[in-house]
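Enquirer: If you read the sequences in order, they're chains A and B. Residue numbering for the first sequence follows the working numbering, beginning at -3 and increasing consecutively. Residue numbering for the second sequence follows the working numbering, beginning at 146 and increasing consecutively.
Derived by calculation from the structure, the hints in this document are not laboratory data. Think of the CB as a built atom: it goes at the ideal place given N, C-alpha and C, for glycine as much as any other residue. Wrong hints could be hidden among the right ones.
Incomplete in silico selection of chain B near chain A, CB under 7 Å [to be verified]:
1) G192
2) D200
3) L209
4) L210
5) H293
6) T299
7) D300
8) A303
9) L307
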Amino acid sequence: MSVCRAAAAVCCIALAWIGAAGSVAAQERSAVRPGFTLPPGTAHILLLRPHITVGAQSTAGLFQANADWTAQAREQIDAALALAQRTLGNDVMRAPEAIGADTRLIADYQALFAVVAQSVIDYQFFKGNRLPTKKRAGQFDWTLGPEVARIARGQGCDYALFVDTEDAYGSTGRKIFQLLAAVTVGVGVRSGEHTGYAGLVDLRTGDLVWLNADRQMGGDVRTPEGAAKRVAELLEGFPGRTAVTVAPGATPEAR
Amino acid sequence: MSRLIVRLALALAAFCLPLEAVAARAVDLTLPPFVSAYQPRTAAERGIWMQADEDERQLRDSRLLIDDAALNAYVRHVLCRTVGEERCHAVRLYVLRVPAVNATTGPSGAISVWSGLLLRLRDEAELGAVLGHEFAHFEQRHTLALEHRRLGATDLTAWAALVAGGAAPLVRLIMTASTFSFSRAQESEADSLGLRFVAAAGYDPRRVAEVWARQMDEADARAAGHKQRSRRYDGVHLLSTHPTDLQRMTALRAAAATLSSGGAIEAAAYAAALRPWRAAFLADQIKLNDFGGTDYLLGQLAQDGWSEDLLFARGELYRQRGNPRDLVAAADFYRQALALDQRHAESHRGLGMALLRGGEAEAGRAELRRYLELAPAAGDAAMVRALVS
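So here's chain A without its partners, still in its complex pose (with noise of 0.2 Å):
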């Protein structure tokens, strides 16, 4: 019996071993809900403390979180974070530490908008494996529900910011065993993980209004340089961005 449950893991292994040296299938990154927009200088929008984890990815693919390297990108990006704020033409606030009752509260939202943002991610932006509610075209219809206004409560604001980055840079051995397994048995193995996304939520109706999700982005987070292009890959898109600017009446949507 024990033997059979045995073979069986392994099997297991094996199939996630493989399932882990396949490629991304080609997905979307970003959406918006239909008939969203967010004219400049109309919104208050409440930035929620990014989560951001970074490590290495050891010769075998584990993750390995490392101290320093967060704490060097916490910095960075919180740096480009402010900076970018100004070109998302509108006002955003940092919210402050949470005490008491209110860190549950707010840790439960965090909590769901990762799961929220990961079932867009899987079931929707990847194409192939659609809920059978999410395949109209232009459709874009998922929400938290309307007491997350609870965790912005008394701040005056209109929409909540979500960033989450997650970075595994490979491992000297790592990059070997990619050459080598290349060289010797054509294999394609992936040295590092870089996923982000970032997604807006109105904090009236708890509806999720933007998202961009991303498995493979740019910027060494460790660097002022990496986290400004970091930053700017998570906000490519965010509505009513001054970056892109549009002469007023071009749009068709305006009339």
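Dock chain B against the given chain A, drawing on the hints supplied.
Expert: Relative to chain A, chain B alone:
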């Protein structure tokens, strides 16, 4: 060729199994030296601690957390008495409301104790052994060592996949088995250290092994209730992180036999501390749909006599299963509970429900009315009123 590899793999895997079964060495009472305010030293350890800090934030903000000051203070008191004042201030304790037998330790010293475990333990010696075991994981930096081991094993497996060709699955199997074997050795070490803490603190070390004896009996009762074969305890599975309950019990018994018997148990203090929570923990247990295991557990808890909360819980258990004979048995348990305490409102409700379902409508409604008199503001009062009118 492939058959040969499978055979070799099985032979080697079998070789990996009994390593920790011989862990029952003579116990040395000296405890390892303690470093207060330990800080992580290497980059790998700092990374592990950073993730542990994030996990601990979630633990602190968890809805499962029981923030009752008295219960937390009591568990901490037992921890401090077991591992000593100096050591116990190095860790944080989180009591979680989860109806399963478990306690966990984070690499940076966040110990969680689950309510299902508290319900099953009987005295401070047993709780001390669990807390000592968890503390030993922290003090011996087991997470870090296991992480190093796992990295080495997976790296070797990766290289083998590249260069060893047909032998790669064999290497993978051996490496996987060795990682889990290492984890089991760590658990045995923590068991042994936990026992040493208990003995050094003046608790009776002979009590500790009995926790595992009861765990096996309960698992057997659960399996029988679900009409399943009980799991074997004589050999460990290749992918088990812990030794089997039988191995742990045997090792603890052998180790305790080398220590002087006697010592404090503090069963009364333990029962008093658990008293305000026992009904709630029992209610959680009953929702698990585990008739056999729960009935065994209630019998164990009632070894010094059936109290009204245990009788009520047994009534709920039988009423939930709901065969006609169960309803009769449930009504009997509720009546026994009411004989001990006439004002036990929930027993009146349970008796009323059991009678209603058993066809005794009038007597059932009378019991439900009595429930409403005793607990007019109960959460389900409106629902019960609808049944009565």
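Enquirer: Under 7 Å, Cβ to Cβ, is where A303 of chain B needs to be relative to chain A, so tell me if that hint holds or is violated.
Expert: holds, 4 Å
Enquirer: So, as I understand it, the hint says L210 of chain B touches chain A; can you test that by seeing if any CB pair is closer than 7 Å?
Expert: At 9 Å from the nearest chain A Cβ, L210 of chain B fails the 7 Å test, so the hint is violated.
Enquirer: At a threshold of 7 Å, is the proposed contact between H293 of chain B and chain A supported by beta-carbon distances?
Expert: Constraint on H293 of chain B not satisfied, violated at 10 Å.
Enquirer: So, D200 of chain B near chain A? Judge it on the closest CB pair being under 7 Å.
Expert: Result: violated, 11 Å to nearest chain A Cβ.
Enquirer: Just to be careful: measuring from the Cβ of L209 of chain B to every Cβ in chain A, is the smallest value less than 7 Å?
Expert: Result: violated, 11 Å to nearest chain A Cβ.
Enquirer: Against chain A, with CB atoms and a cut of 7 Å, does the hint on D300 of chain B hold up?
Expert: holds, 4 Å
Enquirer: May I ask you to test the interface hint for G192 of chain B with respect to chain A, counting a Cβ-Cβ separation under 7 Å as satisfied?
Expert: Holds, about 4 Å.
Enquirer: Do the numbers back the hint for L307 of chain B, that is, is its least Cβ distance to chain A under 7 Å?
Expert: holds, 6 Å
Enquirer: For the hint on T299 of chain B, just tell me whether its beta-carbon gets within less than 7 Å of chain A.
Expert: With a minimum Cβ separation of about 4 Å from chain A (threshold 7 Å), the hint on T299 of chain B holds.
In this structure, the earlier hints numbered 2, 3, 4, 5 are contradicted, and the remaining ones agree with it.
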